[in-house]
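Asker: Using the sequences plus the hints, can you model the full thing?
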Amino acid sequence: MAQQYKLVTCTINGKEVSTMVDVRASLTDMLRNDYRLTSVKKGCEVGECGACNVIIDGEAFNSCIYLAVWAEGKNIRTLESLISPEGELSDIQQAFIDETAIQCGFCTPGFIMTAVEILESGKHYSDDELRKLLSGHLCRCTGYENIFKAVKKTMLRRLGKLDDPFLKA
Amino acid sequence: MSNVGKSVARVDAFDKATGRARYTDDRCDKGALIARVVHSTVAHGVVKSIDIEAASKVPGVVKIVTCFDVPDIKFPTAGHPWSTDPHHQDVADRLLLTSHVRFYGDDVAAVVAENEVAAAQAARLIKIEYEELPFVLDVQKAMEDGAPQLHEKFKNNILNHTTIRNGDYESARKEEGLICVEGWYDTPTVQHCHIENHICYAYEENGQVVVVSSTQIPHITRRICGQALGIPWGKVRLVKPYIGGGFGNKQDALYEPLCAYLTTQVGGRLVKLDVPREDTFVSNRVRHAIRTHIISYMRPDGTFVARKIECFSDQGAYASHGHGIVAKGMGAFPQQYPCPNVEGDAYTVFTNKSVAGAMRGYGIPQAMWAGECHIDDCARALGVDPLEFRFKNIMKKGYRDGFSKNELYDDSYVQCLEKGKAYLDYDRKVAEYAKQTGPVRRGIGVAAFWYNTAVWPISLETSSCRMILNQDGSVQVQVGETEIGQGADTAYAQMTADVIGLADYKDVHVVSCQDTDVTPFGTGAYASRQTYTAGFSIRQTGLLLKERILKYACELTRQAVYNLDIEEGNIVRTTDGRVLMSLGELATEALYSLTHSEHLSAESTYQIKNNAYSFGCTFAEVEVDIPMCKVKVLDIINVHDCGKLINPALAEAQVHGGMSMAIGYGVSEQLLFDEKTGKPLNNNLLDYKLSTFMDHPHLEAQFVENYEPTSAFGTKALGEPPACSGAPAIRNAVFNATGVGVNRAPMTPHVLFDRFSEEGLIRDFWREEK
Chain W
5 MAQQYKLVTC
15 TINGKEVSTM
25 VDVRASLTDM
35 LRNDYRLTSV
45 KKGCEVGECG
55 ACNVIIDGEA
65 FNSCIYLAVW
75 AEGKNIRTLE
85 SLISPEGELS
95 DIQQAFIDET
105 AIQCGFCTPG
115 FIMTAVEILE
125 SGKHYSDDEL
135 RKLLSGHLCR
145 CTGYENIFKA
155 VKKTMLRRLG
165 KLDDPFLKA
Chain S
843 MSNVGKSVAR
853 VDAFDKATGR
863 ARYTDDRCDK
873 GALIARVVHS
883 TVAHGVVKSI
893 DIEAASKVPG
903 VVKIVTCFDV
913 PDIKFPTAGH
923 PWSTDPHHQD
933 VADRLLLTSH
943 VRFYGDDVAA
953 VVAENEVAAA
963 QAARLIKIEY
973 EELPFVLDVQ
983 KAMEDGAPQL
993 HEKFKNNILN
1003 HTTIRNGDYE
1013 SARKEEGLIC
1023 VEGWYDTPTV
1033 QHCHIENHIC
1043 YAYEENGQVV
1053 VVSSTQIPHI
1063 TRRICGQALG
1073 IPWGKVRLVK
1083 PYIGGGFGNK
1093 QDALYEPLCA
1103 YLTTQVGGRL
1113 VKLDVPREDT
1123 FVSNRVRHAI
1133 RTHIISYMRP
1143 DGTFVARKIE
1153 CFSDQGAYAS
1163 HGHGIVAKGM
1173 GAFPQQYPCP
1183 NVEGDAYTVF
1193 TNKSVAGAMR
1203 GYGIPQAMWA
1213 GECHIDDCAR
1223 ALGVDPLEFR
1233 FKNIMKKGYR
1243 DGFSKNELYD
1253 DSYVQCLEKG
1263 KAYLDYDRKV
1273 AEYAKQTGPV
1283 RRGIGVAAFW
1293 YNTAVWPISL
1303 ETSSCRMILN
1313 QDGSVQVQVG
1323 ETEIGQGADT
1333 AYAQMTADVI
1343 GLADYKDVHV
1353 VSCQDTDVTP
1363 FGTGAYASRQ
1373 TYTAGFSIRQ
1383 TGLLLKERIL
1393 KYACELTRQA
1403 VYNLDIEEGN
1413 IVRTTDGRVL
1423 MSLGELATEA
1433 LYSLTHSEHL
1443 SAESTYQIKN
1453 NAYSFGCTFA
1463 EVEVDIPMCK
1473 VKVLDIINVH
1483 DCGKLINPAL
1493 AEAQVHGGMS
1503 MAIGYGVSEQ
1513 LLFDEKTGKP
1523 LNNNLLDYKL
1533 STFMDHPHLE
1543 AQFVENYEPT
1553 SAFGTKALGE
1563 PPACSGAPAI
1573 RNAVFNATGV
1583 GVNRAPMTPH
1593 VLFDRFSEEG
1603 LIRDFWREEK
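Chains W and S are the protein sequences, given in the same order.
Using the working numbering, the letters of the first sequence map in sequence onto residues 5 to 173.
Using the working numbering, the letters of the second sequence map in sequence onto residues 843 to 1612.
Watch out, some of these pointers could steer you wrong.
[Stated by the list, open to error] Below 27 Å or equal to it, Euclidean Cα-Cα: the simulated BS3-like pairs (lysine-lysine) are:
1) S/LYS1348 / W/LYS153
2) W/LYS153 / S/LYS1486
3) W/LYS153 / S/LYS872
4) S/LYS872 / S/LYS848
5) S/LYS969 / S/LYS916
6) S/LYS1263 / S/LYS1234
7) W/LYS136 / S/LYS969
8) W/LYS10 / S/LYS1486
9) S/LYS995 / S/LYS916
10) W/LYS10 / S/LYS995
11) S/LYS969 / W/LYS153
12) S/LYS872 / W/LYS19
13) S/LYS1474 / W/LYS153
14) S/LYS1261 / W/LYS153
15) S/LYS905 / W/LYS136
16) S/LYS1486 / S/LYS1261
If you are wondering where the hints come from, they were derived from the structure by calculation, not from laboratory data.
Answerer: Okay, structure coming up:
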C-alpha cells in the first residue's frame, strides 16, 4: 500500500496546529513523534492499558486506537497542558505527589488525564463509581490504592467536602 | 534534623507528574531505524531455510539478518554478577538468533527498516521452513526418559538438581503415632506486566556501541552485550533512563545484545527495538511455574518430626536465572518452620515454553504458596487453628542460619502475625464463620513469608558510590544501584543528607539516569537489596566526603577538626554550637580559592558480607460464591518487619503494589499455552488477567520496625516481600470458608469448579434447590 498523507489541523493544549500525517498513524504516534508530547505513553497500542490516554473534546480516549486523521478539528489535551505557565502544578498533579500515587510513573500521565475528566464533570462519585471510571488504566506498582486516594481527595476538595471522614484514613 | 524516617515526596515525583520524566522511547531520536524480531511459530524445531526475498522488497527495509548470519557465540542472559570462577558462571545457552528453536516465540530473524510499518510488513513476509521436533510442556514429563531433549548437555532436561539432607528423615518418620500430611501444590506461569514494555536503542559513537535500554542492570547488561558480540566490554556503553517498571523481567539481558548487534550491521546507525506487548509476554521472561510435593510428619501435639519437599521448577526453553529461583524457594523450607529431619530435592527442568527468569520474589511466592497452603493442611489434620499452629512452629527469635549467618534478632514473625490478627479481628471472625452452610460463605486466612534481603554469601555484593560537593553546598550522588520505580533514589537522597549533615534531602541530587561510562560500578536492581546495599556505600562515602569537607573547613576557620561538625548544612563549632560558615560558602571558596582550590568529592566501594532476614505475613478475608465458583477478597492486610523505614509513605506504597500482584497470583493471573502446539494463548493485557482497579479492596499495609543491626541504616528488604504471602493467605481463607483446600493457583472458576465438585459442594446445592 502506498503511503498516503493528510493534513490534520487541530488544537493541542490550547494552540491550533497543523501537520501532515500518515493516514495509518495513531493519535499516539502524532502526539509523540510530531509534537514531542512524550507524556503520552505506549504500553500496549491496542487500547488495553490506558497509558496513552488523552482528552479529546472533553472526553478521555486511548489515543493509540484513535487515528491521527480523526483529530481534525478536535481539541486535544495532554498532561503537558496541566502545568501553569508559571510552573505551578494543577491540584490533581499535586495530589498524585502528596498521596504517593506515583512509583515508576509510566501509567501516571494517562491516569491523571482520566482524573481530569472525572473532576471536570463536577460530580460527586461514590467509591465504586470512581473505581469503575478509573478501571481503564492498568498499573503494576501501586495496587491503585494511592491513585484512588489522590483522585478522591481532589474530587472532594473541588466539591468543598474536605471534612469527609474518608480523609482520616 | 533527620531526613531518614520521614515520608518526604519522591525526588522524581514532580517530573513524573508533569510528563517531564524521560523514559527510553522519549529519548530516542525519531529518525531511528526500527527493528522487528521474527519469532518461531513452532514450539520445537530446526530452521531448514529462510526466504527473505519478498520481505527484502518491502520499501523501507534496510537490513534483514537471520539465524544463519549471526556470530556463533553463546552467551548467558541472567542478571547475575559475573563469576570469575567458571564453575559458577551462568549457563551460556543463547545466540542472538537461533536455528534450533525451543519455544513458540524463540528468535529466528530480525528486520531493520525505516519505519514501523515496513518493519512489521517485512517481518510477516519472511518465510521460515522448519523441521518440527517433538516438544514437551510439562515439567515432570520433560524429566522422563525418552522425553524430547532441549539441550544436549542436560540429560532428561534437568538443568540442575540440588538437595537438602538435615538429620535423618527416613528414620525419624518411623516414630510411632505420627500424623502424616501430604500435598501437591502448583503455581502458574505469570508475567511481570510492567506497563513500559522492554525497549532499547543502539548506535555507534566514539568507538563504542551505545545501548540505551529500559533495564534494571546497566553494568551487567554491558558485560553481556560485550560477550554476545565478542567485543571488549569497554566498547559497550549502557545507558539507563527512567524505567517504567521491571519486577525482574528487566534483570536479564533481553534484546540489548541483538539491538547492539543490529546497529553494527547498518553502519552504526540508530536502531530502535521496541518490544510489542504480545512479545513481552512470550519472548522476554516469565516467572517459573513450580510444582511442589510436601510430606510432613507431626506428633499429635503439632511438633514437626520429619518433613520432605520436592520441587519441580519449569525453566522454559533457556537457562536464564535457572536453578537459583527454586533453590532459594526450597532454602526457605527448613528455616521457616524449623524441623530436625528434612529431606529436600529441587529440580530445574527445561520445557518448550517461554523462558523463566527473575520475578519479584525470586522463588519465594511459589515456595510460600506450597509451604503456607501445606501449613493450613497440617493444622486442619490436627484440628487446631492455623494461626495457633504457626505461633507454635514458626521460626523464633534467636534463630541463626549456619550458611548465610542470618539471624532473627527480634520476634518478627510473632509481632507481625499479632498485628495482622488484631487488624482483621481474627478470633471473632473465625468464630463467626465457623458454621456456615449457604451458597455464599466467608472465610479468613493467614500466610507468613520468609525472605532474604540480598544474595550474600551466594554471590558478590558490592556497592560503589560517588559524591561531589557543588558550589552551593548541594551534593550530587551516584550509585550503581538503580531506580526502577521503587523509590530508591529518594531513599538515597534522604540517607546522604543525614550522613553528611545537610538540612534537607532536596539538597541532594541523585543522578538517576545511569551511564556505564560515568556511573560507579554496581550490579543494579535485583533481590530486595537496593536500600540495604547502597546504604553501606552511601554511609561510607558520605563520611569520607564529610571528612574532606571538615579538613578544608579547618583551613578556612583555623579550628581543630575535632571541634568541627556539619549540621543543617553549616560548619558548626561543636564546643559552643556556633555556626562558622555555611556549606555553600565553604564550597564556593574551595572551588574558586586563589590559594588552595579543591574539588571536594569522594568515591568508595563497600563490599557487603552480611545479609538480613525480612519477614511478615498476609491476612485475608474472602467471600466465596460456591455455585459461581468465584472468590472475592473483602479485606486484606500485609504486615512487614523490614527494619527501620527510610520513607514510610513510599514503603507503604511499595507494599500496596506487591499485594496487588499477590492477589492476581492467587485468583486470576496465568499465561496459558496450547497443549497441542505450545502456542501461548493469552499473551495480551485483556486476556491475561492482572488485577485492575475493580479487583481488590482497600490494601492495608502495616509495619513492625525492628532496627536491623547488620544494616547501615537499620533497614532491610521490602521490594519483593509484599508479593510473597498474599496468594496462600487468600487460599487459606477460601479453605476456612468452604473446607476445601485448593492447591492450584490461580484459583480461577475453572479450578474451583473442579475442587468444589470433587468435594460435593456444588452438587449439594443443586440438590437442595431441587
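Asker: Each hint should be assessed against the structure and marked as holding or not.
Answerer: Results for each hint:
no.: 1; hint: S/LYS1348 / W/LYS153; in the structure: 25 Å, holds
no.: 2; hint: W/LYS153 / S/LYS1486; in the structure: 25 Å, holds
no.: 3; hint: W/LYS153 / S/LYS872; in the structure: 37 Å, violated
no.: 4; hint: S/LYS872 / S/LYS848; in the structure: 41 Å, violated
no.: 5; hint: S/LYS969 / S/LYS916; in the structure: 25 Å, holds
no.: 6; hint: S/LYS1263 / S/LYS1234; in the structure: 15 Å, holds
no.: 7; hint: W/LYS136 / S/LYS969; in the structure: 45 Å, violated
no.: 8; hint: W/LYS10 / S/LYS1486; in the structure: 59 Å, violated
no.: 9; hint: S/LYS995 / S/LYS916; in the structure: 14 Å, holds
no.: 10; hint: W/LYS10 / S/LYS995; in the structure: 58 Å, violated
no.: 11; hint: S/LYS969 / W/LYS153; in the structure: 52 Å, violated
no.: 12; hint: S/LYS872 / W/LYS19; in the structure: 23 Å, holds
no.: 13; hint: S/LYS1474 / W/LYS153; in the structure: 22 Å, holds
no.: 14; hint: S/LYS1261 / W/LYS153; in the structure: 24 Å, holds
no.: 15; hint: S/LYS905 / W/LYS136; in the structure: 46 Å, violated
no.: 16; hint: S/LYS1486 / S/LYS1261; in the structure: 17 Å, holds
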